[in-house]
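Enquirer: Top to bottom, those sequences are chains A and B. Just so we're aligned: 78 in our numbering is position 78 of the first sequence, and the numbers increase by one with no gaps anywhere. Just so we're aligned: 335 in our numbering is position 167 of the second sequence, and the numbers increase by one with no gaps anywhere.
One or more of the hints may lead you astray.
Sample of chain B residues lacking proximity to chain A, with all beta carbon distances greater than 12 Å (derived) [as the list claims (entries may be wrong)]:
(1) 187
(2) 507
(3) 537
(4) 569
(5) 611
(6) 633
(7) 635
(8) 647
(9) 656
(10) 661
Cut-off 30 Å, straight-line C-alpha distance, at most; resulting in silico cross-link-like pairs (BS3-like, lysine-lysine) [said to hold, decoys possible]:
(11) A:16 x B:638
(12) B:192 x A:98
(13) A:16 x B:617
(14) A:151 x B:617
(15) B:617 x B:438
(16) A:20 x B:659
(17) B:617 x A:93
(18) A:98 x B:596
(19) B:313 x B:192
(20) A:151 x A:104
(21) A:148 x B:438
(22) A:157 x A:24
Hints were generated in silico from the structure; no laboratory data involved. Cβ coordinates follow ideal geometry from the N, Cα and C atoms, glycine included.
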Amino acid sequence: MEFTNIEILQLPDISKVTFKRIHKDYLKVIVLSIVTLFSVLFLTVFLLKKNVEEIREFAHVNYIYLVLTLLFFVLITAFGVGFSRRKYVLRDKDVTYKSGVFIKKITTVPFSRIQHVEISEAPLSRLFKLAALNVFTAGDSSNDLVIKGIKKEEALKIKEFINQQING
Amino acid sequence: MVNDSLFADFSNQSSKGIVVIYAKLLFKAFKATWILLIIFIQRFSKFSEETLLYFYIGTVVFLVFFLIRAYLIYKNFLFKINDGQFVLKEGVLKKKNTSISFDRIQNINFKQNLIQQLINVYEVRIETAGSKDTEIAIKALTYEKAQALKMALSLVKKKVQQLELEEEQPRPLLKIGFNELFKVSLTENHLQNLLVFMALVFGVLQQLNDVFIGIGENDVLGNYADVNPKDIFNSMLVFVVFTLILIVIGVLSSFVKVLLFHFNLTLFIKDKSFEITQGLLTKKSIILSKGKVQSITISTNPIKKKLGISFVTFKQAASGKVKKQQHKLIRIIGCKIAQINTIKDLLYVNRSVDRETRYIPDNYYVLRMYFRSVIGISILNCIILFLIKDTTWLWANLLVIPVALVLIHLKYQKAFYQFNNELLLVGKGRVETHVVYLPFFKVQNIKIKQTIFQKRRKVVNLVLQTASGKITLPCVEENRAITLYNYILYKVESSKESWM
Chain A
1 MEFTNIEILQ
11 LPDISKVTFK
21 RIHKDYLKVI
31 VLSIVTLFSV
41 LFLTVFLLKK
51 NVEEIREFAH
61 VNYIYLVLTL
71 LFFVLITAFG
81 VGFSRRKYVL
91 RDKDVTYKSG
101 VFIKKITTVP
111 FSRIQHVEIS
121 EAPLSRLFKL
131 AALNVFTAGD
141 SSNDLVIKGI
151 KKEEALKIKE
161 FINQQING
Chain B
169 MVNDSLFADF
179 SNQSSKGIVV
189 IYAKLLFKAF
199 KATWILLIIF
209 IQRFSKFSEE
219 TLLYFYIGTV
229 VFLVFFLIRA
239 YLIYKNFLFK
249 INDGQFVLKE
259 GVLKKKNTSI
269 SFDRIQNINF
279 KQNLIQQLIN
289 VYEVRIETAG
299 SKDTEIAIKA
309 LTYEKAQALK
319 MALSLVKKKV
329 QQLELEEEQP
339 RPLLKIGFNE
349 LFKVSLTENH
359 LQNLLVFMAL
369 VFGVLQQLND
379 VFIGIGENDV
389 LGNYADVNPK
399 DIFNSMLVFV
409 VFTLILIVIG
419 VLSSFVKVLL
429 FHFNLTLFIK
439 DKSFEITQGL
449 LTKKSIILSK
459 GKVQSITIST
469 NPIKKKLGIS
479 FVTFKQAASG
489 KVKKQQHKLI
499 RIIGCKIAQI
509 NTIKDLLYVN
519 RSVDRETRYI
529 PDNYYVLRMY
539 FRSVIGISIL
549 NCIILFLIKD
559 TTWLWANLLV
569 IPVALVLIHL
579 KYQKAFYQFN
589 NELLLVGKGR
599 VETHVVYLPF
609 FKVQNIKIKQ
619 TIFQKRRKVV
629 NLVLQTASGK
639 ITLPCVEENR
649 AITLYNYILY
659 KVESSKESWM
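Chain A on its own, in the form it takes in the complex:
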């Protein structure tokens, strides 16, 4: 890697950048959606147990509650830890997002390669005035960058900034 010996000193280093966390209200969105999901699950099991003969006679039916409860806490913990890992940063020429508990990921998209930027608002996020920023590049779009859980005003500002960079 002889070429980097000179240049590396001047290159901006992604591992030394201070990242910004996503908005803390998004944790509420995550918790709320997990709670909703598990309420539905518990209710289904409860209703099934009450109404279906075979399930009531099934000896291990209470274990289902146990498993569900365990799963609930595992998910809440994982997403709780994962939430503090969701960070993003905008630099002069690119946007970066990192996340992940079991698989850590960091993605950078240079502005010069962005095809377009989109802002989307999921129903739950809208309650907290949060939005997601989608950045699209050419080619297979499933690998592009999405930052969920930033304030809508900020998302709009970022979008505006990126659009300026693309066209400017």
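Go by the hints and put chain B onto chain A.
Expert: Frame of chain A, contents of chain B only:
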């Protein structure tokens, strides 16, 4: 020779286009109804004369209807070049107006299917990098007009001076004759081709079967599947013969495939682009400009290596799922080393990458593959023990385990990467060997992934997303990956060249 005013006003395609459109309509109709036709012919004698009369009248009405439709499609298909835009008006009932600006045109290809070859017209396809809907095909143009259109489209785009006349064809860089084609087809991946062929055959049989069951006939396939060997020797014989037949079919289907797609393959190099012509029934001529190539892959396998030939695959920008866009891959078969070097020289100025230090993935890469195959094989054995409950199947391990070991070993051995200031070179493959050349500035976005197991080992996966698919460097040492990450971003962000 080049006359822009030729396309200044809306013009039709060649009147022979009616034939091409008509044939296409008929073919489509035939494809939709061929099973009905077969049934009809089978019961021909059972119909009364009156029914037959109706049938004939119906057929004639259909033929005339399609002819009128073909004429209308032809009449309503108009195109012109206006102000840096290619404008197309089409549609009989549903009118459609498309305009494409020149800088969005990815390439202009000529194509000739059987009918177009017979009446000597060319289909001109204008491909863009955008969605599939914006791809335009002009069904029938004379050779002169097709050339003129191509010239007009590329001339306005580049604003270059008059090009020299077409008669001075340069010598082709590569021309594959029939004998060579045959040799190349022997080195194909026969297993894959066999599977494709089988899928095709079974598809048709299935369709036939459905219809015959639907009208109350017995299973037509049933009679052929009734092989009942009496002893072990017989079943061994059947097995051997069956395998031999499969091998022959596999080789034959490879040969037919290669012949169909690559017949008379010729590759020209003209200042900044490749011109590729190939195909038997459908002749395709593709102009590929240097800047639009996202990456190239050079593939070979042990037999090809013996013969000293490789394949070169050019990848262009694709939209949506890359796997569905196979037609945007352009493959050149049967390249010799000198020819590959010429191609590389044309595409990449700084080729020193071939001599750079070779980096191989961390040991963890091979450990992970072992771990995964152990899990896979355990699951297989569990299925045999608990679901099939027939211990003779356990002998399959004798085959599966060595094959898995060899494949893992090969895959690890062939994985490497090396790079210089401009270019990245990635090696991969199991039985086949693939080497990908990717200029750093063609990268669209870049990602590092690290599982918790990789974290302990301090290795990461580096994923480079390009407009023609992603390229993964598995299990790269963490610090080196970050250095590369920073360097690639620097290259992309400081590059002034257009990525397409």
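Enquirer: Keeping to a limit of 30 Å between CA atoms, is the pair of residue 313 of chain B and residue 192 of chain B held or broken?
Expert: Given pair residue 313 of chain B, residue 192 of chain B holds - Cα atoms ~22 Å apart, limit 30 Å.
Enquirer: So is residue 647 of chain B really clear of chain A, every C-beta pair being over 12 Å apart?
Expert: Given a closest Cβ separation of 9 Å, the condition is violated.
Enquirer: Should the label of residue 569 of chain B as a non-interface residue stand, given a Cβ cut-off of 12 Å to chain A?
Expert: Consistent with the label, residue 569 of chain B stays out of reach of chain A, its closest Cβ about 29 Å off (over 12 Å).
Enquirer: For a C-alpha distance cap of 30 Å, please report whether residue 151 of chain A and residue 617 of chain B respect it.
Expert: With Cα atoms ~27 Å apart, residue 151 of chain A and residue 617 of chain B stay inside 30 Å; holds.
Enquirer: Quickly compare the C-alpha distance for residue 157 of chain A and residue 24 of chain A to 30 Å and report which way the hint goes.
Expert: This hinted pair holds, its Cα atoms lying about 19 Å apart.
Enquirer: Does residue 507 of chain B really sit off the interface, with its C-beta more than 12 Å from all C-beta atoms of chain A?
Expert: Holds, since 28 Å exceeds 12 Å.
Enquirer: Looking at residue 633 of chain B again, its CB stays over 12 Å from all of chain A?
Expert: The claim is violated: residue 633 of chain B sits with its nearest Cβ about 5 Å from chain A, within 12 Å.
Enquirer: Could you check that no beta carbon of chain A comes within 12 Å of the beta carbon of residue 537 of chain B?
Expert: holds (18 Å)
Enquirer: Given the hinted pair residue 617 of chain B and residue 438 of chain B, is their alpha-carbon gap at most 30 Å?
Expert: violated (42 Å)
Enquirer: Checking a non-interface call: every C-beta of chain A should be farther than 12 Å from the C-beta of residue 611 of chain B. Is that right?
Expert: The assertion about residue 611 of chain B is violated, with a minimum of 8 Å to chain A.
Enquirer: Taken at face value, is the distance from the CA of residue 638 of chain B to the CA of residue 16 of chain A at most 30 Å?
Expert: holds (26 Å)
Enquirer: Far enough from chain A: is every CB of that chain over 12 Å from the CB of residue 635 of chain B?
Expert: violated (4 Å)
In this structure, the earlier hints numbered 5, 6, 7, 8, 9, 10, 12, 15 and 21 are contradicted, and the remaining ones agree with it.
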